[in-house]
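Chains as they are written, first to last, in the numbering used here: chain A, 1034 to 1382; chain B, 64 to 347.
Be aware that one or more of the hints could be misleading.
[Unchecked claim] Under the rule of at most 25 angstroms between Cα atoms (straight-line distance), these lysine to any residue pairs were calculated in the SDA-like manner:
| no. | chain 1 | residue 1 | chain 2 | residue 2 |
| --- | --- | --- | --- | --- |
| 1 | A | LYS1238 | B | LEU241 |
| 2 | A | LYS1314 | B | GLY222 |
| 3 | A | LYS1072 | B | ILE294 |
| 4 | A | LYS1136 | A | ALA1094 |
| 5 | B | LYS297 | A | GLU1332 |
| 6 | B | LYS307 | A | PRO1344 |
| 7 | A | LYS1043 | B | VAL295 |
| 8 | B | LYS297 | A | LEU1190 |
| 9 | A | LYS1238 | B | LEU203 |
| 10 | B | LYS296 | A | GLY1176 |
| 11 | B | LYS170 | B | GLY125 |
| 12 | B | LYS213 | A | ARG1241 |
| 13 | A | LYS1046 | B | VAL295 |
| 14 | A | LYS1314 | B | GLY232 |
| 15 | A | LYS1295 | A | LYS1314 |
| 16 | A | LYS1043 | B | GLY232 |
| 17 | B | LYS331 | A | LEU1190 |
| 18 | B | LYS331 | A | LEU1375 |
| 19 | A | LYS1238 | B | ILE294 |
[Unchecked claim] Listing some non-contacts, in silico: residues in chain B with all C-beta distances to chain A over 10 angstroms:
| no. | residue |
| --- | --- |
| 20 | GLU118 |
| 21 | GLU253 |
| 22 | THR274 |
[What the hints assert, rightly or not] Using C-beta positions, here's what the derived DEER-type ranges look like:
| no. | chain 1 | residue 1 | chain 2 | residue 2 | range |
| --- | --- | --- | --- | --- | --- |
| 23 | A | LEU1264 | B | ASP277 | 46 to 52 angstroms |
| 24 | B | LYS296 | A | ALA1044 | 44 to 50 angstroms |
| 25 | B | GLY222 | A | VAL1058 | 33 to 39 angstroms |
| 26 | B | ASP113 | A | LEU1264 | 33 to 39 angstroms |
| 27 | B | THR223 | A | ALA1300 | 29 to 35 angstroms |
| 28 | A | THR1134 | B | ASP277 | 37 to 43 angstroms |
| 29 | B | ASP277 | A | PRO1039 | 28 to 34 angstroms |
Hints are computed from structural coordinates only; laboratory data are not their basis.
Treat the numbers as computed from the prediction; the structure is a model and nothing was measured.
Quick reminder that beta carbons are idealized off the backbone N, C-alpha and C, glycines included.
Spelled out, the chains give:
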Amino acid sequence: TKRELPEHFKAYKHVWVVVECEHGVVHPVALELLGEGRKLADKRGVELAGVVLCGDDLTAALVAAACFEHGADLVYTVTDPVLAHYRNEPYTRAMTDLVNTHKPEILLLGATNLGRDLAGSVATTLLTGLTADCTELAIDDEGSLAATRPTFGGSLLCTIMTLNYRPQMATVRPRVLAMPARQIGRWGRVVVHPLNLAEDDIITKVLRFVADRESDKAQLAYADIVVAGGLGLRSAENFQLVRALAEVLGGDYGGSRPLVQKGWISADRQIGQTGKTIRPKLYIAAGISGAIQHRVGVEGADTIVAINTDPNAQIFDFAHLGVVADAIELLPALTEAFRAHLSVNRLAG
Amino acid sequence: MHIVVCMKQVPDSAQIRVHPVTNTIMRQGVPTIINPYDLFALEEALRLRDRLGGEVTVLTMGPPMAEESLRKALTFGADRAVLLTDRFFAGSDTLATSFALAAALAKIGQEFGVPPIVFTGKQTIDGDTAQVGPGIAKRLGLNQLTYVAKIADLDPTAGTITVERRAEGGVQVLSTRLPVLVTMLEGVNEIRRGSLDDAYRAARATIVKWTAADAGITDLGKCGLRGSPTIVKKVFAPQARAEKVRQVPTADVSTEALAASVMAEIFKCQPALEGELMRFSAGP
Ligand SMILES: Cc1cc2nc3c(=O)[nH]c(=O)nc-3n(C[C@H](O)[C@H](O)[C@H](O)COP(=O)(O)OP(=O)(O)OC[C@H]3O[C@@H](n4cnc5c(N)ncnc54)[C@H](O)[C@@H]3O)c2cc1C
Ligand SMILES: Cc1cc2nc3c(=O)[nH]c(=O)nc-3n(C[C@H](O)[C@H](O)[C@H](O)COP(=O)(O)OP(=O)(O)OC[C@H]3O[C@@H](n4cnc5c(N)ncnc54)[C@H](O)[C@@H]3O)c2cc1C
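Extracted from the complex, chain B is given alone in its bound form:
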């Protein structure tokens, strides 16, 4: 079975600043990593491959340097890596991103076999929208399974899959037909270390690189900034609060006296609270 995992390369954590003049995000010098949520998707794909046989292809749309992340994924044990890279993709919002990734997935299907399962992470740590997975599913007509905590059953011959999905207030057990798009919940597995063989293979592997044209995209108006209905109007740092904190004096007081004055100050801030607490502690 052929499985594709979509992975995004993201800037590491919150070491991001805005340029004070242009208000653009300064990514230079910030180290990049594989979006941490995507590693849960990758591990799940590798486990399915180990159990059922087949191949795992990882796919990234991004700048040429995203090759690093793909090579890293190969060291974990992925079999093939595809980098979709073209200046026409710059400035893509989620609609344009899902368009480009869907085109690449269709091309992957032609070249290396149609994947019955496409994985994405739950969301990224930079854009953080969780919209790309559902976007790909809709564009390719895949059955959509989001926030999957567990793949309970998968029968490639019958073409069926059963999963446990995190829903509001509980877990849904869903069954559907392949092909599917699965967005994997975080914390459900742990990425393997990968073998020494994988490391050697990754170092020498050729990463498949496709431009928009290579991926069969003819309508460039659907790509990048032009293909993005959302427009980022401005980026700015959160406002500091005008009001200053009121410090409860702590010098030369016992812990008990301090507790008493903190309680008094709380009631001063929230005059209604004392009565409400009284009613609560008196019970129904």
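Excised from the complex, chain A in its bound form:
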């Protein structure tokens, strides 16, 4: 129930997005959040700010530029060598300082390992509400943030609000919101904020960072085309049919959770509620029944093609294009059809 907002919270205005940029790379979820944050800020008639915490000024400048091009009116930067690698302590300190100084009403973060680690600490320090892993953000009639999230493995949704505390905090999963168009040349204000912390003040040390090998890294979440298989493929060997089609299409591949449990694919290729959310232009699901936990991870795809022997499979409830057929037969034929079509047209073109 909503009470009159306590006096000390009335100064809280504006929408903030924490822009994750570890190792100099902006995490795409931050740009997705700026796109959504823009809409929320417009609805509230307030400004949208990106918050950039990083180790050096050059990174800060580049990341700030990306923020402006994706909708931010201003960017708060905290630049300090102690922020070069993510650590909870200095990041929490920088964030809580910034919030207490500049007072945002809405604070959004990506639901990444970094975002979740940081958000939990910041919310507890500020003693405010934090809604996790949202899939939808809106402003209600009274001007409060209404954050909707799946729960119980995606079988239910709930809308959660933080009415009487500020800021209203939420984390959002990568790839759930659409990527806003880049507006080249768009610009805004930079507000530099100091961090009064020395390395000696920080207890936790980063001894090493071991980057994932490029080849191991599934780019699944951001692939334009994804082909996936499920238990209907019946063996790890048949799963190669999925990879072959993905390869011809220049896409990536993944699968349902049971395939990870059986060891047919690695855990980072699991698609769904407890795996990756994907948002490709084309998603081809072969031998996947379409359980709700799988569905929530793929619903953002532009075109969903389902191949399943069972005409009553749940996947046909949300696929755009259905094929009631044996995937083990159809996949190689489809791979061949695309291969032939693309090579013929290449010769012709």
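Starting from the structure of chain A, add chain B with the ligands where the hints point.
The following block gives chain B with the ligands in isolation, referenced to the frame of chain A:
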């Protein structure tokens, strides 16, 4: 060394329905289990105890029936179980939950020895927020280590710990000082079966039960619904999609012909795709 593992009792899998009228979650009749992610934390704690000596205490905040889960944890080999249970805790969000658990942990420290390590799971399968671990760490001033895949080194005498932490795009090797809060990644170990002795002991063990007052909580305004800044406005089932699936006709066609028509239908749905594929297959 005394280690505490926080465990939540959760409804088993997705057998959950919403009441059509009240829109509340109907948990009745759904079997409950220990949150599966918490078993990785428990096993890691038991391994540390086996190696370094000491005790493992498991802690749950929940209704009286959560005692079952705690007893189960004892059969795996935990030494002591504490159930924090009080009607004042009902409706807790993560902020209120971390408040109550932090109070109980402080009390555990007084009664049974201060734990240099507190474990939680990565997240739960019902609330699924991953916020309670960081909340406890902040409230108790513990150094926070989330998504830990491996405890590489632990020196209780020097008071230091080194872990491998799953970060974006790689693994961070972090070292810090005890006391710490560790949230354990899934799949990093396998829960032991527990010995027959453990089973006997678990059946007869007395579970420590504390109310809010027992845990030293005086400000009940920080507990339960009253202490929760988040408010669940509504719970609802996902909308069925209005648009119907277009089925590609499959009767009386060869696999090759079917493949050709599926490809054609895909290009019809995604007119730009054909050109993009062409450019891709032509290479850079
Ligand atoms: C808490 C929780 C979290 C979960 N998280 C996830 C998640 O993130 N991702 C996920 O995918 N699942 C998840 N699951 C599991 C999910 O509920 C389903 O069990 C799972 O998605 C089913 O996988 P499947 O479709 O491959 O297998 P099945 O459900 O067994 O479906 C196989 C399908 O293949 C069809 N088939 C059989 N033979 C053929 C053939 N020759 N050609 C074509 N079709 C064929 C069948 O008709 C059937 O529809 C989760 C479950 C829980 C409880
Ligand atoms: C549908 C639904 C959605 C919710 N969404 C939110 C939300 O967005 N924001 C919010 O603040 N609250 C939310 N809650 C409330 C939240 O689930 C409760 O606060 C709960 O007590 C703990 O959160 P969690 O299940 O997300 O645990 P997590 O933070 O995911 O748990 C992490 C670890 O903390 C430990 N732990 C968690 N709970 C306990 C416990 N009771 N006893 C012992 N150890 C424990 C376990 O080791 C666990 O692995 C939601 C609840 C429901 C039912």
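Okay, the hints, checked on the actual structure:
This hinted pair checks out: A/LYS1238 and B/LEU241 have alpha carbons roughly 13 angstroms apart, not beyond 25 angstroms. Among the hinted pairs, A/LYS1314 with B/GLY222 is inconsistent with the structure: their alpha-carbon atoms are about 52 angstroms apart, more than 25 angstroms. Restraint check for A/LYS1072 and B/ILE294: the C-alpha separation of about 23 angstroms stays at or below 25 angstroms, so the hint holds. Taken as a hint, the A/LYS1136 and A/ALA1094 pair is honoured in the structure, with Cα atoms around 23 angstroms apart against an allowance of 25 angstroms.
Between B/LYS297 and A/GLU1332 the CA atoms are separated by roughly 22 angstroms; this keeps the pair inside 25 angstroms, and the hint holds. The straight-line distance between the Cα atoms of B/LYS307 and A/PRO1344 is roughly 13 angstroms, inside the 25 angstroms bound, and the hint therefore holds. Taking the CA atoms of A/LYS1043 and B/VAL295, the gap is near 23 angstroms; set against the 25 angstroms cutoff, the hint holds. Of the pairs offered as hints, the one joining B/LYS297 and A/LEU1190 holds, with about 8 angstroms between alpha carbons and a cut-off of 25 angstroms not exceeded.
As the CA atoms of A/LYS1238 and B/LEU203 are separated by approximately 20 angstroms, the hinted pair is consistent with the 25 angstroms bound. A threshold of 25 angstroms between alpha carbons decides the hint, and for B/LYS296 with A/GLY1176 the separation of about 14 angstroms falls inside it, so the pair holds. With a C-alpha separation of about 17 angstroms, the suggested pair B/LYS170 and B/GLY125 falls inside the 25 angstroms cut-off, and the hint holds. Proposed proximity of B/LYS213 and A/ARG1241 is supported: the alpha carbons are some 14 angstroms apart, at most 25 angstroms.
This hinted pair checks out: A/LYS1046 and B/VAL295 have alpha carbons roughly 23 angstroms apart, not beyond 25 angstroms. A C-alpha spacing of about 24 angstroms is found between A/LYS1314 and B/GLY232, which places the hinted pair at or below 25 angstroms, so the restraint holds. At roughly 28 angstroms between alpha-carbon atoms, A/LYS1295 and A/LYS1314 are farther apart than 25 angstroms, so this suggested pair is violated. A threshold of 25 angstroms between alpha carbons decides the hint, and for A/LYS1043 with B/GLY232 the separation of about 39 angstroms lies outside it, so the pair is violated.
Among the hinted pairs, B/LYS331 with A/LEU1190 is inconsistent with the structure: their alpha-carbon atoms are about 33 angstroms apart, more than 25 angstroms. Distance hint between B/LYS331 and A/LEU1375 is fulfilled; the C-alpha atoms sit about 16 angstroms from each other, no more than 25 angstroms. For the given pair, A/LYS1238 sits about 37 angstroms from B/ILE294 by alpha-carbon distance, which is inconsistent with the 25 angstroms threshold. No beta-carbon of chain A comes within 10 angstroms of the beta-carbon of B/GLU118; the shortest separation is about 26 angstroms.
With a least CB separation of 13 angstroms from chain A, B/GLU253 remains clear of the 10 angstroms interface cut-off, as annotated. With 10 angstroms as the threshold on Cβ separation, the claim that B/THR274 sits away from chain A holds: the shortest Cβ distance comes to roughly 23 angstroms. Taking 46 to 52 angstroms as the suggested C-beta distance range, the pair A/LEU1264 and B/ASP277 conforms, at roughly 49 angstroms. Judged by the Cβ atoms, the range 44 to 50 angstroms given for B/LYS296 and A/ALA1044 is violated: they are separated by roughly 25 angstroms.
Distance hint check: the CB atoms of B/GLY222 and A/VAL1058 are about 35 angstroms apart, consistent with the given range 33 to 39 angstroms. About 38 angstroms separates the C-beta atoms of B/ASP113 and A/LEU1264, a value consistent with the hinted range of 33 to 39 angstroms. At about 30 angstroms, the beta-carbon gap between B/THR223 and A/ALA1300 stays in the expected band of 29 to 35 angstroms. Distance hint check: the CB atoms of A/THR1134 and B/ASP277 are about 40 angstroms apart, consistent with the given range 37 to 43 angstroms.
Between B/ASP277 and A/PRO1039, the C-beta spacing of about 32 angstroms keeps the proposed range 28 to 34 angstroms intact.
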